[in-house]
Amino acid sequence: MEKDEEVSQNNHLLMYLLQNRSDDFIRLFEAQNNRCFMGVHSLYRLAYANKIILRDDNWLADFIPVVEKAREENRRILDYLASIIPIPENFYEDLKESLKPFAWFEKEDDFDFMLDGSLEHLEKTGYRKIDCLIYEAALKFNFKEFERLLDLGADPYVKLLSEYTPDVASKLDIIAFDVYSTYDDAQRHLYDCCDIYGIDECWKDGFSGKETIVDQYLVREFFLAAGCQILCETIRSNKAEK
Numbered sequence: 000m001e002k003d004e005e006v007s008q009n010n011h012l013l014m015y016l017l018q019n020r021s022d023d024f025i026r027l028f029e030a031q032n033n034r035c036f037m038g039v040h041s042l043y044r045l046a047y048a049n050k051i052i053l054r055d056d057n058w059l060a061d062f063i064p065v066v067e068k069a070r071e072e073n074r075r076i077l078d079y080l081a082s083i084i085p086i087p088e089n090f091y092e093d094l095k096e097s098l099k100p101f102a103w104f105e106k107e108d109d110f111d112f113m114l115d116g117s118l119e120h121l122e123k124t125g126y127r128k129i130d131c132l133i134y135e136a137a138l139k140f141n142f143k144e145f146e147r148l149l150d151l152g153a154d155p156y157v158k159l160l161s162e163y164t165p166d167v168a169s170k171l172d173i174i175a176f177d178v179y180s181t182y183d184d185a186q187r188h189l190y191d192c193c194d195i196y197g198i199d200e201c202w203k204d205g206f207s208g209k210e211t212i213v214d215q216y217l218v219r220e221f222f223l224a225a226g227c228q229i230l231c232e233t234i235r236s237n238k239a240e241k
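Per numbering that gives the first Met the number 0: the sequence shown = residues 0 to 241.
Bear in mind the hints are in silico, worked out from the structure with no lab data behind them.
Backbone N, C-alpha and C fix where the C-beta goes; we use that ideal spot for every residue, glycine too.
Be careful, since some hints might not be right.
[To be verified] Mimicking DSSO-like on lysine-lysine, the simulated pairs with C-alpha atoms at most 27 Å apart in a straight line are:
#	residue 1	residue 2
1	K170	K238
2	K95	K68
3	K99	K123
4	K95	K123
5	K170	K209
6	K238	K139
7	K50	K139
8	K203	K50
9	K143	K95
10	K238	K50
11	K106	K95
12	K68	K50
13	K170	K106
14	K68	K238
15	K209	K143
16	K128	K95
17	K99	K238
18	K50	K170
19	K139	K95
20	K50	K128
21	K106	K128
22	K68	K128
23	K128	K99
24	K209	K99
25	K68	K106
26	K99	K170
27	K209	K68
28	K128	K139
29	K95	K209
30	K128	K203
31	K123	K50
32	K123	K106
33	K123	K139
[Unchecked claim] Distance ranges between label pairs, derived from CB positions:
#	residue 1	residue 2	range
34	R34	E210	50 to 58 Å
35	E240	D56	35 to 43 Å
36	Y156	P85	57 to 65 Å
37	E67	E107	22 to 30 Å
38	E119	E232	31 to 39 Å
39	D166	A239	22 to 30 Å
40	D194	D172	37 to 45 Å
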């Protein structure tokens with residue numbers, strides 16, 4: 000019975016964290032009286048992933064009040080957890096590394112799987128190798144390699160489609176022709192996590208006092224969305240600098 004109750008509390012603790020209900024989160028956290036460094040650090044990491052998603056500014060106007068309230072509540076949760084344990088200076092870089100298991104593609108996925116054609120075929124069709132490699136690095140959350148390729152001049156906006164030459168692909172509609180693009184795919188996965196797979200609803204449920212079922216799938220969406228948001232921010236920042 001005690002074990003079932005503990006699982007229930009842990010689920011609610013995660014629910015309050017993801018819903019950005021700071022008062023409820025702090026109350027339940029204090030009641031559990033468990034300040035294990037690794038446990039608190041894991042909660043901080045998930046709350047920070049939430050923060051990253053909330054950094055996005057491309058929200059519908061009628062959803063902005065939810066986002067603004069969520070940002071403030073999320074900040075309170077992060078500040079509270081940071082008052083309990085020291086946050087390592089390299090936290091952000093470590094967080095990016097920890098996001099790899101939640102990437103859209105897995106480590107072993109090849110170009111035939113990702114882009115419907117081998118790297119050799121894509122090059123023969125006219126695509127630059129570097130533009131194909133940055134797609135792989137981005138959608139596998141290999142952030143260091145992604146940033147390196149970006150600095151070398153890889154184009155994250157180029158449209159990739161093995162059936163067509165780059166010139167033809169550049170004129171095709173992304174959705175209608177299922178064209179691949181590093182930036183567009185990262186942004187699409189981010190918005191799908193929010194609009195389709197539960198993040199938006201989780202935030203709205205929290206502010207209306209509703210229960211959200213928190214399982215491994217919802218947690219995965221938060222980490223996937225955070226990784227995609229980092230990609231989009233990095234690409235936009237790189238473009239602004241040029």
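Hints, one by one, checked against the model:
1. K170 <-> K238: The hint holds at about 21 Å.
2. K95 <-> K68: 25 Å, holds
3. K99 <-> K123: Violated, at roughly 30 Å.
4. K95 <-> K123: Violated - the C-alpha atoms of K123 and K95 are around 33 Å apart, more than 27 Å.
5. K170 <-> K209: 45 Å, violated
6. K238 <-> K139: 21 Å, holds
7. K50 <-> K139: Status holds; Cα separation ~21 Å.
8. K203 <-> K50: 16 Å, holds
9. K143 <-> K95: 9 Å, holds
10. K238 <-> K50: Holds, because 23 Å separates the two Cα atoms, which is no more than 27 Å.
11. K106 <-> K95: 15 Å, holds
12. K68 <-> K50: 12 Å, holds
13. K170 <-> K106: 31 Å, violated
14. K68 <-> K238: With a Cα-Cα distance of about 30 Å, the restraint between K68 and K238 is violated, given a limit of 27 Å.
15. K209 <-> K143: Between K209 and K143 the Cα gap is close to 39 Å, so the pair fails against 27 Å, i.e. violated.
16. K128 <-> K95: Within the cut-off at roughly 25 Å; holds.
17. K99 <-> K238: Distance of about 24 Å is within 27 Å: holds.
18. K50 <-> K170: With Cα atoms ~36 Å apart, K50 and K170 exceed 27 Å; violated.
19. K139 <-> K95: 11 Å, holds
20. K50 <-> K128: Since the Cα atoms of K50 and K128 sit roughly 34 Å apart, the hinted pair is violated (cutoff 27 Å).
21. K106 <-> K128: 19 Å, holds
22. K68 <-> K128: 44 Å, violated
23. K128 <-> K99: Satisfied, since the Cα-Cα distance of roughly 22 Å is no more than 27 Å.
24. K209 <-> K99: 31 Å, violated
25. K68 <-> K106: Not satisfied, since the Cα-Cα distance of roughly 37 Å exceeds 27 Å.
26. K99 <-> K170: Outside the cut-off at roughly 32 Å; violated.
27. K209 <-> K68: 16 Å, holds
28. K128 <-> K139: Holds, at about 17 Å.
29. K95 <-> K209: 31 Å, violated
30. K128 <-> K203: 43 Å, violated
31. K123 <-> K50: 42 Å, violated
32. K123 <-> K106: 24 Å, holds
33. K123 <-> K139: Holds, at roughly 24 Å.
34. R34 <-> E210: 50 to 58 Å: With Cβ atoms ~26 Å apart, the hint is violated.
35. E240 <-> D56: 35 to 43 Å: Given a distance of about 19 Å, which is not inside 35 to 43 Å, the answer is violated.
36. Y156 <-> P85: 57 to 65 Å: 40 Å, violated
37. E67 <-> E107: 22 to 30 Å: The hint (22 to 30 Å, Cβ to Cβ) is violated, given that E67 and E107 are roughly 41 Å apart.
38. E119 <-> E232: 31 to 39 Å: At 32 Å between Cβs, range holds.
39. D166 <-> A239: 22 to 30 Å: 27 Å, holds
40. D194 <-> D172: 37 to 45 Å: Since the Cβ atoms of D194 and D172 sit about 20 Å apart, the hinted range of 37 to 45 Å is violated.
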